[in-house]
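Engineer: Sequence:
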Amino acid sequence: MESLRSKKEKKNHFPCVWMQAGVVRSKYCKAFYDCANCQFDRTMTNMADANSSVSEGSNTKGKKDKKIIYWMDKLKELPVSKRPCIHHMKGRMDFRSCSHDYKCINCEFDQYFLDQYTVHATVNPVEVLNIHGFSIPQGYYLHKGHAWVKIEEGKTVRIGLDDFALKVFGPLEHIEAPLIGKQMKQNSSQIIIKRGNLTASLLSPVSGVITDINPNIREDAKSAGKNPYTDGWILRLHSEELKDDIKNLYIADQSEKFIDKEVNLLYSTIEKSGHLLNTDGGYLAENIYGNIPQLGWERLTRLFLRT
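Quick note on the numbering used here: the sequence shown kicks off at 10 and runs consecutively.
To be clear, the hints were calculated from the coordinates, so they are not data collected in a lab. Positions of the beta carbon are idealized from the N, C-alpha and C atoms, including for glycine. Don't take every hint at face value.
Claimed, not checked - Derived Cβ-Cβ restraints for the label pairs, each shown as a range:
hint, residue 1, residue 2, range
1, 249, 59, 16 to 24 Å
2, 295, 117, 39 to 47 Å
3, 276, 118, 45 to 53 Å
4, 198, 276, 23 to 31 Å
To be verified - Using 16 Å as the maximum straight-line C-alpha spacing, the simulated EDC-like pairs for lysine to aspartate or glutamate come out as follows:
hint, residue 1, residue 2
5, 231, 182
6, 164, 253
7, 153, 269
8, 39, 162
9, 235, 182
10, 91, 110
Produce the entire structure from the sequences given, and follow the hints as far as they go.
Structural biologist: Below you can see the structure in the form of structure tokens.
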């Protein structure tokens with residue numbers, strides 16, 4: 010059977026969820042429903058946020074914008090049996106009703122669907138830049154503790170360890186994350202990395218509830234260093250505080266400046282130790298701690314992982 014998405018692609022029409030809900034008259038999506046990175050979605054959400062605080066008798070502007078409400082709230086005006094599942098709205102499946110008031114985190118079907126169709130999908134950065142021998146992915150956020158964040162649909166993100174940390178501390182033998190369903194807070198140290206009898210904590214870049222853990226990393230942590238920004242993801246998180254949390258992260262030019270400063274700090278630390286490090290093509294080689302253990306595991310974790 011031809012999929013709903015295929016039919017829509019032939020028409021070249023992907024109705025925005027705000028349009029499908031009836032909040033706006035006409036708006037079509039050109040980004041395959043990547044709402045998390047959609048400026049229009051952010052604008053509409055901000056308008057709905059502002060409108061929700063407008064009480065009866067407020068100023069004229071508030072009354073003018075009163076029609077702008079959250080698309081979920083608009084659909085909740087329908088009988089439960091006629092409320093479309095978000096996966097149907099995004100063209101992934103035939104009609105299925107939503108019975109959880111669009112609180113997908115509480116929906117077993119949503120978790121099953123994501124597990125089947127998106128959890129093991131390859132994460133492909135648009136572009137990877139080389140900063141003094143360390144790669145950083147464009148379109149990803151970086152945390153001061155060297156965890157990366159890839160925003161996916163809704164309020165879901167993937168989290169991993171960046172190339173800088175993997176080259177300083179790796180190869181790692183184990184990466185341990187909290188269990189699925191556990192709550193993580195931004196800057197909490199709940200992810201553990203291990204090398205031999207040495208351990209260190211990785212700060213969580215955002216807050217949220219863990220929805221998935223990468224089974225490949227759990228079985229073979231060394232594989233994280235091969236493709237840190239694709240196969241090397243550690244876990245997925247549903248973050249209700251994402252909008253505020255990402256304000257504390259680096260992206261684009263900020264990430265480049267951050268890694269540049271970290272590399273300078275690393276070189277300075279190596280020079281102060283009185284040791285030279287073999288380079289590869291003029292850059293620092295991998296297994297930096299292994300080559301210069303005199304740098305001290307605890308000192309490196311304090312300097313770069315901020316734990």
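Engineer: Now, for every hint given, state plainly whether the structure supports it.
Structural biologist: Each hint tested on the structure:
| no. | hint | result |
| --- | --- | --- |
| 1 | 249 with 59: 16 to 24 Å | holds, 19 Å |
| 2 | 295 with 117: 39 to 47 Å | holds, 42 Å |
| 3 | 276 with 118: 45 to 53 Å | holds, 51 Å |
| 4 | 198 with 276: 23 to 31 Å | holds, 26 Å |
| 5 | 231 with 182 | holds, 6 Å |
| 6 | 164 with 253 | holds, 12 Å |
| 7 | 153 with 269 | holds, 13 Å |
| 8 | 39 with 162 | holds, 15 Å |
| 9 | 235 with 182 | holds, 13 Å |
| 10 | 91 with 110 | holds, 12 Å |
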